[in-house]
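Visitor: Protein chains in written order, with my numbering: chain A, 324 to 438; chain B, -8 to 454.
Hints listed in this document are in silico derivations from the structure and should not be mistaken for laboratory results. The structure presented is a predicted model; accordingly, all values stated were derived computationally and were not measured. Treat the hints with caution; some may be incorrect.
What the hints assert, rightly or not - Below, a list of computed lysine-lysine pairs in the DSS-like style, where the Cα atoms sit at most 27 Å apart: (1) B:Lys198 x A:Lys418; (2) A:Lys366 x B:Lys198; (3) A:Lys418 x B:Lys197.
What the hints assert, rightly or not - Heads up, incomplete: computed chain B residues facing chain A, CB under 7 Å, no partners named: (4) Ala155; (5) Ala189; (6) Pro205.
Ideal Cβ positions, reconstructed from N, Cα and C, are used throughout, including at glycine.
Listed here are the chains, written in short residue letters.
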Amino acid sequence: MAQYLILIYENESDYAAATPEVWNEVMQAHGRFAEQITELGGKFVAGNALQPTTTATTVRGDVVTDGPFVESKEALGGYYLIEAADLDQALAIAKVCPARFGGVEVRPIMEFPAE
Amino acid sequence: MTDENGGADPDEFRGGSDGVRRRADEVRGGSDGVRRGADEVRAGADPDDVRRALNEAHRRDWACVLAATVRSAGSLDLAEECTQDAFMTALQTWPRDGIPRSPAAWLITTARRRAIDVHRRDQTLRAKLPLLVEPDEHMAESPAEVSAIGDERLRLIFTCCHPALAREAQVALTLRLLCGLTTAEIARAFLVGEPTMAARVTRAKKKIAAARIPYRVPAEQELPDRLDAVLTVLHLLFTTGHAAPTGDALVRDDLVVRAIELGRLVVRLMPDEREAIGLLALMVVTDARRATRTDAEGAVLLLAEQDRGRWDHAAIAEAHSLILSALRGGRPGRFVLQAAIAALHAEAPSYADTDWRQIVGLYDLLLAAWPSPVVAMNRAVAVSMADGPQAGLELLTEIESASSQLLGYHYLHAVRADLLRQLGRRDEAATAYRQAIELCSNSAERQFLSGRLSALRAAPDPK
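Chain B on its own, in the form it takes in the complex (with noise of 0.2 Å):
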């Protein structure tokens, strides 16, 4: 089989979009509803208010355009392509024009107008990786309808993160199609040659042709499995983008804020979701640490060390009130029980008044709700806060014993050195960070523990 697709790659189309750049600082309030009335149609238009405009567009509106073009397109591919053409059209004609009333209306008017116009002229291309498009679907054809668009962008986002779809190839399809990142900035992101990311996508979106992935919000009995799957993608998202930093810090803050909105659009298009609540909640009191999390010189601050009074606050209460909604009415699963964790730290007044003991109890419901070695070694960190660090070590051989799968995790050894560091028992806990050293791959966090283990050898001896 010849490549057909292979020479496609919609980058290239992407002239329009060059000054398109995110910024940190939009992530909260980030509204993704299309805002109209704010900008007056006039004849002409300065061309740096258009290319704002247009920045702004592809920011908010990305993904609704995209979704909206799917169905005339008949093809991910195509879709694409046209979406992209639609905010490259726009950089020409706007500037001569004004720029529309709602832009996100006139972006989805054009990149249809121009995937109908495709298949015109050149009957062959429907044959081109088709995707699998349930009937009988209302298209919205007026800026009034365009918030009907909602429920296209969850077929979207449910389409991407398809479990016939590798995890990685859900992440990248996620980013390319939902949020309009050029394979350049996801292989940067993930540290992967640009080649192999954009291999990664062409076979995903290949695969979603030719097995017949379909584009629809999945029934009611497989939503709880493949709503998780969604989750865990934008949790990835996420958590790639707040790992420490290695790579390009300003790529890792942009997965943060896009992982943000993406949660907050899949709230907004499913409220009555409360893992959905619950994984942006989690996302939020997490990123409202994000300034305190390493120091001047980019080393890593842990909890206890942070300052707690340039935490985010705002974001903190945010993240409390979806909480609250999210425990209401049943079991809570594994996003919300996170959140609640992570908001207690983040309301506490210090690291030692700490509620602990709350804190192993939801443990003990997370344990529950998602057994995990890595939750139980969490909740070890936890009784040893509540009862003392020997109880927390106990526990932590207990874990050891039973499941070998923690032994190469860094963490671990992290953890029981610092138990053994604050029994006085010096030796074994330098032996457990030298374990932890060696088992750590990113270099904030190892420099991090080397500074540990001086610290322990530069300590008077206890008592």
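Looking at chain A on its own, in the form it has when it is part of the complex (with noise of 0.2 Å):
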């Protein structure tokens, strides 16, 4: 097994206009999905919402900025760490991942040979 982080890009402006029961599907679709990891065989490691980037701070150096690192229409607002076989498994495993306002990206971990 090998990990894969699902990173979740989705339009900000979209969630921020969404209605309540929009939330509440979201919601329900991310609770499904961590059963659904285990049933296409993968395995749940972690996974987080993120606070929408008007809450970003970057650093770079000793320069503080406001503001997420790289400006865009869909930023990252979530991600799910995952154990899979192969990279099939975590791309089926990506493609039932909720992103109604956007995408994922799917990520391999580095894996660092033991001495």
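Using the hints, build the complex out of the two chains.
Guide: Next up, the structure:
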């Protein structure tokens, strides 16, 4: 098994404008997702939602600035760390990851050879 | 991260295959199966015979040797190096020891031994772009088992054409790993610099290893999509080679030959996949017209102007029977339908005497299977032949207003120009030809369109 990070990129303004019903649906979808990971043969390791980019602070060297590292319409809004046998399984899991206002990026976690 | 593989581009091991040249006329009947018994084992062999045998083996057995070595090597990179090494070793030892009865089996054994040696010598190499191979696979050791490697080649194809790789990387890897083409050759075929192509290949191989793209034939439920990606890559190879000549014509002919060979391989390995049969038929029937697509000066000839007597009728007949078998059992897919359309053209006694009604019918099915403005446009051309230019032009106008996507496509304007010309609307036709010329990047086609434009000006007024 290998670990993959599923990064969820979505349009923040869509969330800002979302009705309570939509929020509810999103929360339920994420609740189901954890089970779907297992059903698809993977393993949930960790996952979190992030506060919107309006709360982000960027630090480069000593310089502290308000805002996200990269400004974009679709911003990183949450992630899941999963375990999967291979990329095919990770992608099958990513396909059911909720991201109604955007999409997800799948990144393999780098493994360092043991000494 | 340092690029520990950057210096290990296996092209440098290719000394032995310098003389490996592929000839376009080998395309048909190019069997990739391992032929046995033709060569006698004898002590010593003429260096020219050795070279010839190796060229043939390189052409026919490259993918087989590489695919068979992947498991022992545990990495595509190392498998590639060991395969090249085996060919080079053969070049040195066959003149002394004779040409083995089964060159493929000899090459496989040599390449595998080399892979195992490398592992023994240097354990750290295990970490070199390791490939995710499924365990518990039997290994073909004897010549009799070489045919069992078919499955391994399928894994190789599906790995090269994995959807997580960019299309251009899929194409490059397929040519590298399945055809044994050098990076320089691939770069020439796609008109990019060699460093660009080398970087593309390296990046793709690293992704396969780091993201753990599995080395396997996809599960049944994934197969339609995954096979479609493979067929799309082969079709792209074919059309790149088949496009009107820009760049090195020989390299482009070679792409056509390679695409058809790979098409045959996929059909042999997955004989029940009708779309694979359809793609092979499409490539074979299209290639049957190769000799007549341009005139002696290299200028493009229209289907209507081509000398049908010079088409390869054996190839057309082969495509016909392939299409018949692909049409059996269920709804035909896009490649089968495109092949059927191309075959109807190929079998017609003349352009005018083509069964345009049936072609329109096939386009209807194709449009349903593969809704695309380009298909809709080609259908409009067929309608213009069946029902007259006015009907075609009306359809074309509809398509243009439904999809602005096509407006940058020179062929659309060329089609409209031709329909307007037929309707005697010369000024509008001239404008459309000019738009087409402006958008067209291929010099041979641009020349053709300019010729049409001048002919339009020179022609006497209709009526």
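Visitor: So, for every hint listed, does it hold in this structure?
Guide: Structure-based check of each hint:
no., hint, in the structure
1, B:Lys198 x A:Lys418, "19 Å, holds"
2, A:Lys366 x B:Lys198, "22 Å, holds"
3, A:Lys418 x B:Lys197, "23 Å, holds"
4, Ala155, "6 Å, holds"
5, Ala189, "23 Å, violated"
6, Pro205, "4 Å, holds"
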